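K.L.:
Here is how the chains run, residue by residue.
Protein chains: 2
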Amino acid sequence: MATPSKTIAVIGTGVIGSSWTALFLTKGHKVIVTDPAPDAERKLHEYLQKTCPTVPRSTLTAVNCLENVTFVADIDPYLPSVDLIQENGPERLDIKRPLIARLDALTPPHIPILSSSSGLPSSTFITECTNNPGRILIGHPFNPPHLVPLVEVVPHPGTSDEYVDAAYAFYKSLDKDPIIVRQETPGFIANRLQAALCAEAYSLIGRGVVSAQDLDKTMTSGLGLRWALTGPIMTNTLGGGGDFGHFMDHLGPALKGWVYDMEAQGFDFEDKDSVDAVKQRVNGWVGGVDLAGVERRRDEGLVGLVQRKQNGSRRE
Amino acid sequence: MATPSKTIAVIGTGVIGSSWTALFLTKGHKVIVTDPAPDAERKLHEYLQKTCPTVPRSTLTAVNCLENVTFVADIDPYLPSVDLIQENGPERLDIKRPLIARLDALTPPHIPILSSSSGLPSSTFITECTNNPGRILIGHPFNPPHLVPLVEVVPHPGTSDEYVDAAYAFYKSLDKDPIIVRQETPGFIANRLQAALCAEAYSLIGRGVVSAQDLDKTMTSGLGLRWALTGPIMTNTLGGGGDFGHFMDHLGPALKGWVYDMEAQGFDFEDKDSVDAVKQRVNGWVGGVDLAGVERRRDEGLVGLVQRKQNGSRRE
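If you read the protein sequences in the order shown, they are chains A and B.
Heads up, the first sequence is in the numbering used here, so the first residue is 7 and it goes up one at a time.
Heads up, the second sequence is in the numbering used here, so the first residue is 7 and it goes up one at a time.
Accuracy of the hints is not assured; some may be wrong.
If chains are identical, the list can't say which one is meant, so a pair holds when it fits in one copy or spans any two.
Calculated cross-link-like contacts (lysine-lysine; reagent style DSS-like; alpha-carbon spacing at most 27 Å) [unchecked claim]:
| no. | residue 1 | residue 2 |
| --- | --- | --- |
| 1 | Lys36 | Lys262 |
| 2 | Lys262 | Lys49 |
| 3 | Lys278 | Lys262 |
| 4 | Lys12 | Lys178 |
| 5 | Lys12 | Lys49 |
| 6 | Lys12 | Lys56 |
| 7 | Lys178 | Lys278 |
| 8 | Lys49 | Lys315 |
What the hints contain is simulated information worked out from the structure, not anything from laboratory work.
Being a predicted model, the structure only gives us computed values, none of them experimental.
Just need the whole structure built from these sequences, with the hints factored in.
P.N.:
The following block contains the structure:
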């Protein structure tokens, strides 16, 4: 999708901010970026030269990827003239509140201010804003944002609908796959779903029902293969012969029985012995695994999966 | 892996039994199969001619795939000379108990009897066996078994270890990826993990936090892409910089908070209004979707994913 080039301010160049910067650059935008960490500029440049060429459909090379990025120690003088902000500061209210208040005060009231926050919903950190908090909302990516399409768009109760639409359209223009979370809920959607499954995984491993390695195989050789292609609701629907109601009526009772048993055997995060049992069993497996190799193959696999899915959806 | 050809008895040719038959044939085994349903033989032959050529690495064609399969109305005379049984009868104790007792009585005591049962653990249906219940256990596939590698091997408390090992080796020899479930637990592993995540999905959709379509995107554009490549425990470990203990110590508290909130907002399977709200929202989405097209692309995608993963693991 061809969109006019914007000037985007990226606040913070940790793992998430750097990856956003690579994505914005490869989609043709200008980026002004700041981070107070020592050596942040050099690290960002090295990261971009390595990463920009790997973004799906990127035309940037290690040589030309730095042309449209400007690292600045003080971003305040640039704020009046940017088109959009993607903020990636630390997840601490004592830092986030004054930071967001300053970004709100120094930018024209109509530009979207999007925060990558995963833990803090924006209603908790707009409290000191006096310009236009209605254009502030969460745009929470799934790591790394330059590869994984999902972005959770989460307004606070006072965010204007037009800014929800603007954030959605912006992420769409980057070939992302945004979803809208209509109520601020702890963990948003992806982290909640992940936590629901992980809590049961810890219970099963901690109780010795299955090894940590076999638990993971259940996903990578079974559930995960299907979920990469159809989500839980569509999977249920196809399992019900194309009828979700039929699925719920006929398989709901079995599902309910499993859920009750899981609640009865629920993992106790407060119990040190339970936590230690899981840690010990996991370490007994991963201690012997070449983690760097796993991570490299995961990242290669992710690039391939995203490219094939995007090519597939383009054909339709 | 080259293994000597076995003679395998397949009991029941519904969705699962037919798919197992296709897999066994493509791996070079002889299959003797029975099913009391009218027209079962014709349906099985049509299914095999369509399916056998699509099994990963299959050398069978629609023409020669029926050479090693024998459909019989009465399998009892064949039972003394088979090498292994894969049973796929209805998930009803009143049928399963006498069926398994007959299979146990009519086969030599050393041959493995593997049941595809997903709902009934084998301890519930071996109660009438008098020959050797120690060779009976669950080999629960993930549908369809001719494509998805996962098989859950679940012994009952009296199953001998040698038969757990034999079942594991047998499924491995079919290029499957078996796991061992060490305690009979309702839903085994995959269905429990799926139910844990689905219950939270129903709560989020029912409460209007997210649409059914966006809930599914959270998986297919985010979580599922990662889980197809690394399971939940390895994902946690990589998220903790290669240290699962570090992950639990630093991200465990956030996870715990989400789990507590999910428990407080837990989906009520007994409440008709909650169930109806989810059904209505799901139908508002899937009613407009070409489900046959979704299913076809899912199956094509599954073949591609399994082949790439198997090729990847062969290179290592």
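K.L.:
Of all the hints given earlier, name the ones this structure violates by number, lowest first.
P.N.:
The structure breaks hints 1, 2, 7 and 8; every other hint is satisfied.
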